[in-house]
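Trainee: Below, each chain spelled out in residue letters.
Protein chains: 2
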Amino acid sequence: MTSVLHSIARRPLQASLFVALLGIAILGSFGPEVVRGQAQTDQEASKMLRHVVLFQFKPTSTPADVQRLVDAFRKLPSQIDVISDFEYGVNNSPEGLDGGLTHCFLLTFKSEADRAVYLPHPAHLAFVEILKPHLEKATVVDYWAAK
Amino acid sequence: MTSVLHSIARRPLQASLFVALLGIAILGSFGPEVVRGQAQTDQEASKMLRHVVLFQFKPTSTPADVQRLVDAFRKLPSQIDVISDFEYGVNNSPEGLDGGLTHCFLLTFKSEADRAVYLPHPAHLAFVEILKPHLEKATVVDYWAAK
Chain A
16 MTSVLHSIAR
26 RPLQASLFVA
36 LLGIAILGSF
46 GPEVVRGQAQ
56 TDQEASKMLR
66 HVVLFQFKPT
76 STPADVQRLV
86 DAFRKLPSQI
96 DVISDFEYGV
106 NNSPEGLDGG
116 LTHCFLLTFK
126 SEADRAVYLP
136 HPAHLAFVEI
146 LKPHLEKATV
156 VDYWAAK
Chain B
16 MTSVLHSIAR
26 RPLQASLFVA
36 LLGIAILGSF
46 GPEVVRGQAQ
56 TDQEASKMLR
66 HVVLFQFKPT
76 STPADVQRLV
86 DAFRKLPSQI
96 DVISDFEYGV
106 NNSPEGLDGG
116 LTHCFLLTFK
126 SEADRAVYLP
136 HPAHLAFVEI
146 LKPHLEKATV
156 VDYWAAK
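Protein chains in written order, with the working numbering: chain A, 16 to 162; chain B, 16 to 162.
There may be inaccurate statements among the hints.
Which copy? The list can't say, so a pair holds if one copy fits it or any two copies do.
[Stated by the list, open to error] Computed list of lysine-lysine pairs in BS3-like fashion (alpha-carbon distance at most 27 Å, straight line): (1) K62 to K125; (2) K147 to K73; (3) K162 to K73; (4) K73 to K90.
Because the hints were derived from the structure by calculation, they are not lab data.
Just chain A, same shape as in the assembly (with noise of 0.2 Å):
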């Protein structure tokens, strides 16, 4: 190694970009850690408008029923460019305070205008088409992360 630098570093252009390159390879390799440990805080936070979903479908849905309107929501993110973040899952609460609720929906936006983009989206407004026949009830909280 000591050879090789040594070499190399007879060589200006060499040099240099091997410089260049050891340090985006440092930067590359631990980036990801150092630049975001640096970045979550608060305010990078606050910049998540999230958008909780919750279903509670009819007890005369089938569970393919359900199964395809969850397919269709998970779509979305693809139709609809300002749903910066979307994950979902089925609830598993030993706790008992889910209200009948079994699905939920966390979408996230990265503004109140992007939000309002959204809404009344024509990919929004049919899957909720889809959705009404199959809606026993939905619990809907926006609000901006924090900590």
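Using the hints, position chain B against chain A.
Mentor: Relative to chain A, chain B alone:
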């Protein structure tokens, strides 16, 4: 650049070092997106057990009461180490589907075992005790986050 590569190519150790660094540099620069694009599949997402807690406080509870309770909840991550992530916020949904729920707390656990530590944890139970007199309604839904 060609002459540098040419010159390096004549020195096998330097060449492999150069190629390795170039590879790491490229991977490092694009890493966060490329690596995560692959990793942030259901498998990675499913390591997050979300615990969504929604509160409506009693109409007799003052803003100071509510703030005291919010602050007490926010202290739990420093008291209960199985809480791997915590955020909260005040509802600002324009959809009118909040059912009176005004505050959302989103806790994340890494396993159901961690949740089983949290639920009966003395610090959590102490919080519930000071919460009770002010709680009109609570809705709690947990889910393994999937995409």
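Trainee: Have a look at K162 and K73 and pick one of within, between, both or neither, based on CA distance no larger than 27 Å.
Mentor: between (36 Å within a copy, 24 Å between copies)
Trainee: Between the shortest in-copy and the shortest cross-copy C-alpha distance, which are at most 27 Å for K62 and K125: within, between, both, or neither?
Mentor: both (6 Å within a copy, 24 Å between copies)
Trainee: Should K73 paired with K90 be assigned to within, between, both, or neither, using CA atoms and 27 Å as the limit?
Mentor: within (22 Å within a copy, 38 Å between copies)
Trainee: Please sort K147 with K73 into within, between, both or neither, judging by C-alpha distance up to 27 Å.
Mentor: within (10 Å within a copy, 31 Å between copies)
Hint compliance for this structure: no hint is broken.
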